[in-house]
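Please put together the full structure from these sequences, using the hints given.
Protein chains in written order, with the numbering used here: chain A, 1 to 347; chain B, 1 to 549.
Just to be clear, a hint being listed does not mean it is correct.
Stated by the list, open to error - One-sided and incomplete, this derived list gives chain B residues near chain A with beta-carbon spacing under 10 Å:
#: 1; residue: W50
#: 2; residue: F134
#: 3; residue: R242
Stated by the list, open to error - Chain A stretches covered by chain B per the calculated footprint, using a threshold of three residues with CB under 8 Å from any CB of chain B:
#: 4; stretch: 12-24
#: 5; stretch: 102-114
#: 6; stretch: 242-251
#: 7; stretch: 328-336
It is worth saying that the hints were derived from the structure and are not from the lab. In this text the structure is predicted, and so the values were computed from the model without any measurement. By construction, the Cβ of each residue, glycine as well, lies at the ideal position given by its N, Cα and C atoms.
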Amino acid sequence: MDGFPAGRARHSVQVMHQVLLALLPGIAALLWYFGAGVLIQILLAGAAALGSEALALRLRGLPVRAGLGDGSALLTGVLLGIALPPLAPWWLAVSGGAFAMLVVKHPFGGLGNNLFNPAMAAYAMLLVSFPDALSRWPAPLPLLPEDQPWPGLLAAGHAIFLPGAAAIDAVAMATPLAAFRDNRSLLVAQFYAADPLFAAGTFAAVGWETVNLGFLLGGIYLAVCRTIDWRTPVAMLTTLGLLAWLWNDGGSSASAGPPGLHLLSGATMLGAFFIATDPTTLAASSSGRLLCGILVGILIFAIRAWGGYPDGVAFAVLLMNLAVPLIDRGTIPQPPGTVRQQRSRSP
Amino acid sequence: MSARRRLRGGVQPPSHKAASVAGPIRDLPLPSLLILPLGDNHLLRAPGSWVGKGEPIADGSGLPVHASTSGFIRDIETRAIDADRHGPCVLLEPDGDDRWREPPRPLPIATLDRAQLLEAVRAAGIAGLGGGGFPTATKLAAPAIHTLVINAMECEAYVTADDALLREAAAEVVAGIGLAAHILASAPRVVIGIEDDKPEALAALRNALGGDDIELTVLPARYPAGAERLLIALLTGLEIPRDELPVAHGIVCLNVATVHALQRALGHGEPLLERIVTLSGGACREPANYRVPLGTPVADLLAASGYERERCASVLLGGGMMGRPLADLQTPVTRSTHCVLLLSAEEMRPTPPRTCIRCGWCADVCPVALLPQQLHRHALAEDLGALARHHLDQCLGCGACDHVCPSAIPLTRQFASAQAALAQLRADRQRADRDRDRFLAHQQRLARAAAERETRRGEAHPATPGSDLAALAMARAAGAGASREPLERTAAAAADRLRRLENQLAELDAGASAAQRNALQARIAQARIDHDAALRRLASGSTDAGATH
Ligand code: SF4
Ligand code: SF4
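Given below as structure tokens:
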């Protein structure tokens, strides 16, 4: 206590817990469609992040308990775990979690001071270093062969901790964005009918669309509670949708993908509501946050349409993070009265 | 006018108002000593002499000081005059009779001209009672006022002084509004802004207004809608720049307690001798409003209401949002004291603050669209330039950002000291510039004189190449000035930084860890080295500036 009265509508720990809560619908959809591996990845990455955070705090001579208690490391780990393929080998999640804390977060000054979003920086590092392992997603539940059960803890654990388990490798299949990218000759409608992922889906690819809708649901909850700023996701999704609509080319074989595909595939919703909105690595002002959203939307679309990776959320967010100091400098809001003042001063 | 702009940002803190306004306004027994801040005035009566109630005892360039009750002038002493300032104060020992020198008599308002009325307002010692403390006569003296804004907002948490006043004396408030409009003499439009969370006061005010030609606007209760400039913007749509006064834009804003004092002064002939103070807080046994003679020590106010030291974690001077912890309970109640809070431990902000997570909620609630998280970051880095770029000088100190910060960072306090540092830097810079200009002018005068001497000598002895010497002297003077400027700035900045760090060390409370203390001491040592180096460079720069640059 310092002699001042308490105000605090909410505590920063409560904020992190609220974000974790908002992730649940998306995580549940992932679990349902892609098996218990999701849970193992989240636990692995979360544990690695917490452990590395503790190590970093101890090395920096900071109180470990209070630092872990703020929930930020756990959130980073969980986000990374969600982004990783459910059956990826265990050391990816562990090294990613450690990288996020020991390389991305703490060398820049820890909580509130890191330049890059730790979860996305770790994911990007893994994606660049192990592109194969990170593109190998299992088939969603409805597309599993008859004799293949939903990968439970045992089967997923086997695949994760003893990589090379061929039984599960057999059902790996391309992600919707990768599949669409490989299409060269079919009209969008034909491709949707021919590809099993899209044939079974309602708006876009089966499974993925539900996962994205789950994250959308949690994201709307956070925006309504004003835990996140609505401007960034709205700007990002609008930009992405608009660009996709412009380059859809009427659904020809040269289409870069219809808006529905871009909005409900890959990490779009997760990125829009949970990653791009990370306030530490986001611009401070409202207009700056709007700009950040637009920038991420453009970058995601550009990477997906013309870049070397099927999805671009991680890279787009990192590039936006890099631009934040510049955006912050250019978007200092004018307090009321000051504009008028300048006008009346210059005759 | 009904459709109005909404307050930008703002918060809705728990108001805690109901308890203190439930009963009538209470009177306080006379204290054994009154402490009256002297301001810029001199004593009119010698120490030891008896003064009657209402008698002026000091006057001068400030507002006159009156005896709040009859008694003897004891002494002049330096005392705490608010939560963080000390100043000379007249000590008045009440004789217990509370006897007027002359019984107060209403002024013949109709026969007085504007100048006489303004002088009467000044002589009654009336100043803004809402907290600003600005002399009311000065405001009313402004020409061409088109709008008179009456502030009945009282948006601060816990405070109900104006609410209680309106419940009990709405008629006098309305009379005071009429007087203010009369003195302004420009037939201004009158607008009253009141919040919707005090229906009794609103009803009383409506009732008193009757069919008067006064607009009453009920605004949603939202902190800090009662801040002068924000209220003006809400009621009139005019945004007054921070460095200009509302009167420059044809607007005068007065608080309801101030217009009430105006009516007491002109309508009854009583100078401003008392004010209503809310006593409240979780550790206050009987929250209520008190009619308190000016100069009453806070300790006497607390004693009258059954103050229990053990229950009270902190005494705050002011409301729940902007109040400041009071170290010295002998601080007197002044014109701007509207509230004293006794806070229990549960009502206090926990320390230590955690790191800023940049959630941005502070920016969402800032009523003047600042980015407190950026200000916080730059204040930590002591980057005064960036602070100025982010409009630190526009901060109202309202505390809305503190209120929502999930990391419990004392933002307002940090901004207040950063504002002081920035003002100091600007003053230092101006002084340095002035000194340099003076120094340069002096050098050039010397050089010119030398040149003239040379020419005169040259005319006598045409062979001497004197004008070269003079030109050299001129050039050196100019060169020295040019190279001194950055050096002077560096030195001033280094001195400023050193001073600020030392203040920080002094302010570091006992609870601070040894590590914090050591870190600060290390920074001070470094600052001292930088400062000495800057001074050395400055000294050598002034003797052989040409050589270094
Ligand atoms: S409210 Fe507090 S924690 Fe959030 S951005 Fe502002 S200063 Fe930082
Ligand atoms: S104290 Fe200053 S920065 Fe904070 S909300 Fe009020 S005006 Fe804005």
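Problem set entry | Hint numbers contradicted by this structure | Hint check: 1, 2 and 6 fail, others pass.
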